[in-house]
Amino acid sequence: MKCAGQIETRAVEESSINLDPIQAAGRLTPEAMKAVIAWGDGYSVCDNCHKPFRLDYVTKPPIADFHEEAAAWLGMDKVQLVPGARRAFQEVTGALVGKGEPVIMTGMGHYTAYLSVEVVNGVVREIRPTADHHITADAAAESIENAVREFGYSPKLVFVDAVDFMYGNMHEVEKIAKVAHQYDIPVLYNGVYTVGVLPVDGKKLGVDFVVGSGHKSMAAPAPSGILATTDEYADTVLRTTKIQGDLTGRKFGIKQVGILGCSLMGDPAVGLIASFPRVKERVNHFDEELKNHKIVTDALLSIEGTKVASEYPRKHTLTRMDTAESFDVVAQTHKKRGFFLSSALNKRGITGIMPGVTKQWKFNTYGLTSAQAEYLADAFIEIAEENSMVVG
Amino acid sequence: MYYSHCEHHTVNYKACQVGGVVTRLPAEQFYACSIQAPGLFLLEKPHGICAEKMQILSKKMSQKAIDAVFTGLFDLTDIRVILRETAPLHHLTDEQKERARKAVGHVRKQLEIIEGELL
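Just so you know, the sequences run in chain order G and C. Note that our numbering has the first sequence beginning at 1, numbered continuously upward. Note that our numbering has the second sequence beginning at 1, numbered continuously upward.
Chain G extracted, bound-state conformation (with noise of 0.2 Å):
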């Protein structure tokens, strides 16, 4: 069915169990869905943006409460409506990097991080994760020491990742800022798989810097995400317009310069918003997603050779599971290949796991219901079974 011209509507959600790793958290809440029918047009939230005409000062819609309320959940002092965590990673960079100065990042990154630190011609430098994908202080503080040495300075800022994309391992963010304070270097918490999925308190961990996906995570449509920062950094970051038109002598207010002016606006930045109640709510029940997520690890892991390639247990929904020695066996002698795997789940009405990959593939169970997460265990052994693995 096609929504307009050649475009497919899109009913991934409504037909299927959708697995894939990065849209699971940010699938809309009903609130949101009806918000974006709404608030589509191009500059819907500016229908009352009076004096000092900045999005984080319109009322109507409740913008300004959101800005408020959203730093206070995340444990810091200010918080700024971004179009992506990108933005927040190159919002941060931009004010706090210069020219060949040292960004320390983990080896586990996303590549946006790296490319925010290549934008302003920064160098970045990398902590090694463990052998079995971990970023640890320890390992923090020998990149800091080295950097120290290389550079005759401290890193000008580290990038964390609480949960990284690769593994959904979580890592050591309290110890490595403690690690990074020490330098006097500022830390950011990149939050993209926990803000708007599990608890998380800045203050707490002791990071400069709290950012947030609105669409991997906070059930938002994109691009759309929150930077959060202390005040001690706000004034850096979230530094006010002072130039000035040299011929007609124009000024631009307090338009926020790291991110040029007004951040978010329209369908992002209000289904966002009308999702946020809800997401305040669901990230103290992250247990229950575990609960869902263990009936379907549980049966995997009841297929002979199936091993769970991220930390186990799991302190997340997002997984990565080795099926080099269960499901690519077979993908070597079946007549489809590697793409047996995907095409079976699709049968029966699961998408998301990258079609042809059989030997490490990652999905996440968030937001499934009990049931949802029931019949995706009966459908791996059922795949199983009829490609005559060993389950038991």
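If you are wondering where the hints come from, they were derived from the structure by calculation, not from laboratory data. Please note that the accuracy of each hint is not assured.
[What the hints assert, rightly or not] In silico DSBU-like pairs for lysine-lysine, Cα to Cα no more than 30 Å straight-line:
(1) C/60 with G/60
(2) G/294 with C/97
(3) C/97 with G/291
(4) G/60 with G/242
(5) G/335 with G/307
(6) G/203 with G/280
(7) C/97 with G/347
(8) G/204 with G/347
(9) G/280 with G/307
(10) G/315 with G/291
(11) C/109 with G/2
(12) G/307 with G/294
(13) G/336 with G/359
(14) G/294 with G/175
(15) G/60 with C/64
(16) G/78 with G/280
(17) G/335 with G/347
(18) G/347 with G/2
(19) C/97 with G/2
(20) G/178 with G/315
(21) C/97 with G/280
(22) C/102 with G/280
(23) G/336 with G/347
(24) G/2 with C/102
(25) G/175 with G/315
(26) G/204 with G/294
(27) G/307 with G/291
(28) G/175 with G/99
(29) G/60 with G/251
(30) G/78 with G/203
[Stated by the list, open to error] Not close to chain C: a few residues of chain G, all C-beta gaps over 10 Å, as computed:
(31) 3
(32) 322
(33) 325
[Unchecked claim] Only part of the chain C face toward chain G is listed, based on derived beta-carbon distances under 10 Å:
(34) 23
(35) 24
(36) 73
(37) 74
(38) 81
(39) 83
(40) 84
No residue lacks a Cβ here, since even glycine has one placed at the ideal position from N, Cα and C.
Following the hints, put chain C in place on chain G, whose structure we already have.
Chain C alone, transformed into the frame defined by chain G:
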């Protein structure tokens, strides 16, 4: 007022409440009165004048039809949510069936209002 605040709604107070965000209706009610729509007939004065004209306009236009369209879309969204919760087999529990039944009834009611107001 530019927004159809819930207390002014004629159809369904709850249906327009979405996470504390009020349904936006200016484009359905009249041309926007800000620089987004330069040259349109309500542009000449800032928002205060628009509010007065809005009151006059509201007697002429069909606020009921506007509200019914949005309420109907929101009720359909409730059904969409049930489809998502029960994918891929869409075997509804008794509770889900009841929710779906209610939503279908609400949609029918909104369609009747729209027919009555516009046709």
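Hints versus structure:
For the hint linking residue 60 of chain C to residue 60 of chain G, the alpha-carbon distance of about 25 Å falls within 30 Å, and the restraint holds. Only pairs whose Cα atoms come within 30 Å are accepted, and residue 294 of chain G paired with residue 97 of chain C is accepted, the gap being roughly 28 Å. Restraint check for residue 97 of chain C and residue 291 of chain G: satisfied, since their Cα atoms lie roughly 26 Å apart, inside the 30 Å limit. Distance check on the hinted pair: residue 60 of chain G and residue 242 of chain G sit about 28 Å apart at the alpha-carbon level, within 30 Å; holds.
Between residue 335 of chain G and residue 307 of chain G the CA atoms are separated by roughly 24 Å; this keeps the pair inside 30 Å, and the hint holds. At most 30 Å may separate the alpha-carbon atoms for a hinted pair to count; residue 203 of chain G and residue 280 of chain G meet this at roughly 17 Å. Restraint check for residue 97 of chain C and residue 347 of chain G: the C-alpha separation of about 26 Å stays at or below 30 Å, so the hint holds. Taken as a hint, the residue 204 of chain G and residue 347 of chain G pair is broken in the structure, with Cα atoms around 46 Å apart against an allowance of 30 Å.
At roughly 33 Å between alpha-carbon atoms, residue 280 of chain G and residue 307 of chain G are farther apart than 30 Å, so this suggested pair is violated. The hinted pair formed by residue 315 of chain G and residue 291 of chain G meets the criterion: a straight-line CA distance of about 10 Å does not exceed 30 Å. With a CA separation close to 27 Å, the supplied pair residue 109 of chain C and residue 2 of chain G stays within the 30 Å bound. A distance of roughly 13 Å separates the Cα atoms of residue 307 of chain G and residue 294 of chain G; the hinted pair therefore holds under the 30 Å criterion.
Proximity of residue 336 of chain G to residue 359 of chain G is assessed by CA-CA distance (about 15 Å); at most 30 Å being required, the pair is judged to hold. A C-alpha spacing of about 28 Å is found between residue 294 of chain G and residue 175 of chain G, which places the hinted pair at or below 30 Å, so the restraint holds. Between residue 60 of chain G and residue 64 of chain C the alpha-carbon distance is near 22 Å, which keeps this suggested pair within the 30 Å criterion. For the given pair, residue 78 of chain G sits about 17 Å from residue 280 of chain G by alpha-carbon distance, which is consistent with the 30 Å threshold.
For the given pair, residue 335 of chain G sits about 16 Å from residue 347 of chain G by alpha-carbon distance, which is consistent with the 30 Å threshold. For the proposed pair residue 347 of chain G and residue 2 of chain G, the alpha carbon gap of about 23 Å is at most 30 Å, so the pair holds. Between residue 97 of chain C and residue 2 of chain G the CA atoms are separated by roughly 28 Å; this keeps the pair inside 30 Å, and the hint holds. Proximity of residue 178 of chain G to residue 315 of chain G is assessed by CA-CA distance (about 23 Å); at most 30 Å being required, the pair is judged to hold.
For the hint linking residue 97 of chain C to residue 280 of chain G, the alpha-carbon distance of about 28 Å falls within 30 Å, and the restraint holds. Distance restraint check for residue 102 of chain C and residue 280 of chain G: the Cα-Cα separation of roughly 28 Å lies within the 30 Å cut-off, and the hinted pair is therefore satisfied. For the proposed pair residue 336 of chain G and residue 347 of chain G, the alpha carbon gap of about 14 Å is at most 30 Å, so the pair holds. Proximity of residue 2 of chain G to residue 102 of chain C is assessed by CA-CA distance (about 28 Å); at most 30 Å being required, the pair is judged to hold.
Note on residue 175 of chain G and residue 315 of chain G: the hinted pairing holds, with a Cα-Cα distance of about 18 Å set against a maximum of 30 Å. In summary, the hint linking residue 204 of chain G to residue 294 of chain G is supported, as the alpha carbons are separated by about 29 Å, within the 30 Å threshold. Pair hint residue 307 of chain G plus residue 291 of chain G holds up; C-alpha atoms about 18 Å apart against a cutoff of 30 Å. Of the supplied pair hints, the one linking residue 175 of chain G and residue 99 of chain G holds, its CA atoms being roughly 28 Å apart against a limit of 30 Å.
The suggested pairing of residue 60 of chain G with residue 251 of chain G holds, with an alpha-carbon distance near 26 Å, which does not exceed 30 Å. For the suggested pair residue 78 of chain G and residue 203 of chain G, the alpha carbons sit about 12 Å apart, so the restraint of at most 30 Å is met. Remark: the non-interface label on residue 3 of chain G is consistent with the geometry, its nearest Cβ contact in chain C lying 13 Å away (cut-off 10 Å). At the 10 Å boundary, the C-beta of residue 322 of chain G stays outside the reach of chain C, the nearest C-beta of that chain being 26 Å off.
Consistency note on residue 325 of chain G: stated as away from chain C, and its beta-carbon is indeed over 10 Å from all of that chain's, at 29 Å minimum. For residue 23 of chain C, the shortest C-beta to C-beta distance to chain G is roughly 5 Å, which falls under 10 Å, so the interface hint holds. About 5 Å separates the beta-carbon of residue 24 of chain C from the nearest beta-carbon of chain G, less than 10 Å, and the hint is met. A cut of 10 Å between beta carbons decides the hint on residue 73 of chain C: the least distance to chain G is about 5 Å, and the hint holds.
Nearest Cβ of chain G to the Cβ of residue 74 of chain C: about 5 Å, under the 10 Å cut. The hint holds. The restraint placing residue 81 of chain C at the interface with chain G holds, with a minimum CB-CB distance near 5 Å, inside the 10 Å limit. The interface hint given for residue 83 of chain C is met, as the beta carbon of that residue sits about 4 Å from the closest beta carbon of chain G, less than 10 Å. At its closest, the beta carbon of residue 84 of chain C sits 5 Å from a beta carbon of chain G; the interface hint therefore holds under the 10 Å criterion.
Hints 8 and 9 from the earlier list are contradicted by this structure; the remaining hints agree with it.
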